[in-house]
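Number of protein chains: 2
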Amino acid sequence: MKLYETKVAPNARRVRMFLAEKNVNLESIEIDLKGGGNLTKEFKSKNPFAKVPVLELDDGTIISESVAICRYFEELYPTPCLFGETALQKAQIEMWQRRAELGFLLPVGMAFQHCSGFFKDRMTPNQAWGEDCIEKAHDYLKLLENHLASNTYLAGDNFSIADITMLTTLDFAKVIDIRLSIEYENLSRWYDLVAGRESAQA
Amino acid sequence: MKLYETKVAPNARRVRMFLAEKNVNLESIEIDLKGGGNLTKEFKSKNPFAKVPVLELDDGTIISESVAICRYFEELYPTPCLFGETALQKAQIEMWQRRAELGFLLPVGMAFQHCSGFFKDRMTPNQAWGEDCIEKAHDYLKLLENHLASNTYLAGDNFSIADITMLTTLDFAKVIDIRLSIEYENLSRWYDLVAGRESAQA
Numbered sequence: 008m009k010l011y012e013t014k015v016a017p018n019a020r021r022v023r024m025f026l027a028e029k030n031v032n033l034e035s036i037e038i039d040l041k042g043g044g045n046l047t048k049e050f051k052s053k054n055p056f057a058k059v060p061v062l063e064l065d066d067g068t069i070i071s072e073s074v075a076i077c078r079y080f081e082e083l084y085p086t087p088c089l090f091g092e093t094a095l096q097k098a099q100i101e102m103w104q105r106r107a108e109l110g111f112l113l114p115v116g117m118a119f120q121h122c123s124g125f126f127k128d129r130m131t132p133n134q135a136w137g138e139d140c141i142e143k144a145h146d147y148l149k150l151l152e153n154h155l156a157s158n159t160y161l162a163g164d165n166f167s168i169a170d171i172t173m174l175t176t177l178d179f180a181k182v183i184d185i186r187l188s189i190e191y192e193n194l195s196r197w198y199d200l201v202a203g204r205e206s207a208q209a
Numbered sequence: 008m009k010l011y012e013t014k015v016a017p018n019a020r021r022v023r024m025f026l027a028e029k030n031v032n033l034e035s036i037e038i039d040l041k042g043g044g045n046l047t048k049e050f051k052s053k054n055p056f057a058k059v060p061v062l063e064l065d066d067g068t069i070i071s072e073s074v075a076i077c078r079y080f081e082e083l084y085p086t087p088c089l090f091g092e093t094a095l096q097k098a099q100i101e102m103w104q105r106r107a108e109l110g111f112l113l114p115v116g117m118a119f120q121h122c123s124g125f126f127k128d129r130m131t132p133n134q135a136w137g138e139d140c141i142e143k144a145h146d147y148l149k150l151l152e153n154h155l156a157s158n159t160y161l162a163g164d165n166f167s168i169a170d171i172t173m174l175t176t177l178d179f180a181k182v183i184d185i186r187l188s189i190e191y192e193n194l195s196r197w198y199d200l201v202a203g204r205e206s207a208q209a
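Those sequence lines, one after another, are chains W and Y.
Reading the first sequence from the start, the letters are residues 8 to 209 in the working numbering.
Reading the second sequence from the start, the letters are residues 8 to 209 in the working numbering.
There may be inaccurate statements among the hints.
Copies of the same chain are indistinguishable here, so a pair counts whether it falls within one copy or spans any two.
Stated by the list, open to error - Below, computed lysine to aspartate or glutamate pairings styled on DMTMM-like, alpha-carbon distance capped at 20 Å:
| id | residue 1 | residue 2 |
| --- | --- | --- |
| 1 | 9 | 152 |
| 2 | 51 | 128 |
| 3 | 97 | 82 |
| 4 | 127 | 138 |
| 5 | 48 | 152 |
| 6 | 97 | 164 |
| 7 | 181 | 65 |
| 8 | 127 | 139 |
| 9 | 48 | 205 |
| 10 | 58 | 142 |
| 11 | 181 | 138 |
| 12 | 58 | 146 |
| 13 | 9 | 66 |
It is worth saying that the hints were derived from the structure and are not from the lab.
Hey, can you work out the whole structure from these sequences and the hints?
Here it is in structure tokens:
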């Protein structure tokens, strides 16, 4: 199996941290996102949607989308369980995963695209929209701060993929100057707990 | 159990179609999204993120996010299987579900928010961003048209939640004038197949 990824991208780290929790090592092939390595004919023959990361199985089968790759390894190596065990756990982890994605990962990603100029050779940055997204990301942090007053992890008592999504996005968000300030007491407690895991070094 | 939903919203229909496939009937409580029914203190005590749909279990436990609600019922009623059976099927359905969401549902939703004026009392519409999203949605349809040349459903041979996401979003997309034109031959074949299911009436 091979993993095509761009190491600095937050989705790549999300998958790496997940794989580290599962003790899975994969051959990694770096794609130069900034240089358009995802837009080549060869890469698009693997993923027509031109996104990284992409997992290529030994028979050539392709799995793209970070969470799809994680889910594949959750099925192959169920321990430690990161998507939940009971119906309710699975639903609540899915809920927090999606809240983290829709409320934070997406706004942070769009703010980066529209405010940093990183991809300005292939898109029309919309500064006003980027700034709107930064506000949305802050709104999410406030809601999460309240939630973590009475929850150890995003989905309750157990560490899950939702925490991986949140940690890796929060670390990436520094590039658009979103950081945990002193008023985020519960989030900071949670951050230290999750960033202290060995897998967070991945 | 109670389902708080806004019947005309595409996410609500997505959940209803999923539940119809599973033959599950729930008590439904209509939330007036346009009138701010999701912004009341009472509703936010159920879902601080102020989104519909929300599932309330008999013990008061809350599950929000459409796909989290669907996953809960997939676990309770595994037949018919809509999230996949093997590791590979689960990963491929997750991949197509996310491609449909990121490539089509999100752009269509944002184009609606930014171009229709529906929520202009509580947001700053950004027309240029909305129009950019309409283009992105069309780009996705072209990629999906190619994929459906050699696949019956989004994730291959089997109907799945990814098809539900795509159908309900495509029907909703008419409000921003995105429709299947004559050049989408494969998509039209797929549309007739999926829209012909009894659950599509939900």
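Comparing the hints with the structure gives:
1. 9 / 152: Answer is neither; intra-copy 38 Å and inter-copy 28 Å both fail.
2. 51 / 128: Classified as within: same-chain Cα gap 19 Å, cross-chain 42 Å, threshold 20 Å.
3. 97 / 82: This pair counts as both: shortest intra-copy Cα distance 13 Å, inter-copy 8 Å.
4. 127 / 138: both (16 Å within a copy, 18 Å between copies)
5. 48 / 152: Classified as between: cross-chain Cα gap 18 Å, same-chain 44 Å, threshold 20 Å.
6. 97 / 164: Within. Shortest intra-copy distance 13 Å satisfies the 20 Å Cα cut-off; inter-copy 26 Å does not.
7. 181 / 65: The answer is neither: 37 Å in one copy and 42 Å across copies each exceed 20 Å.
8. 127 / 139: The answer is both: 18 Å in one copy and 14 Å across copies each meet 20 Å.
9. 48 / 205: neither (37 Å within a copy, 41 Å between copies)
10. 58 / 142: Between. Shortest inter-copy distance 18 Å satisfies the 20 Å Cα cut-off; intra-copy 26 Å does not.
11. 181 / 138: within (15 Å within a copy, 29 Å between copies)
12. 58 / 146: Close across copies (14 Å), not inside one copy (28 Å); limit 20 Å.
13. 9 / 66: within (11 Å within a copy, 45 Å between copies)
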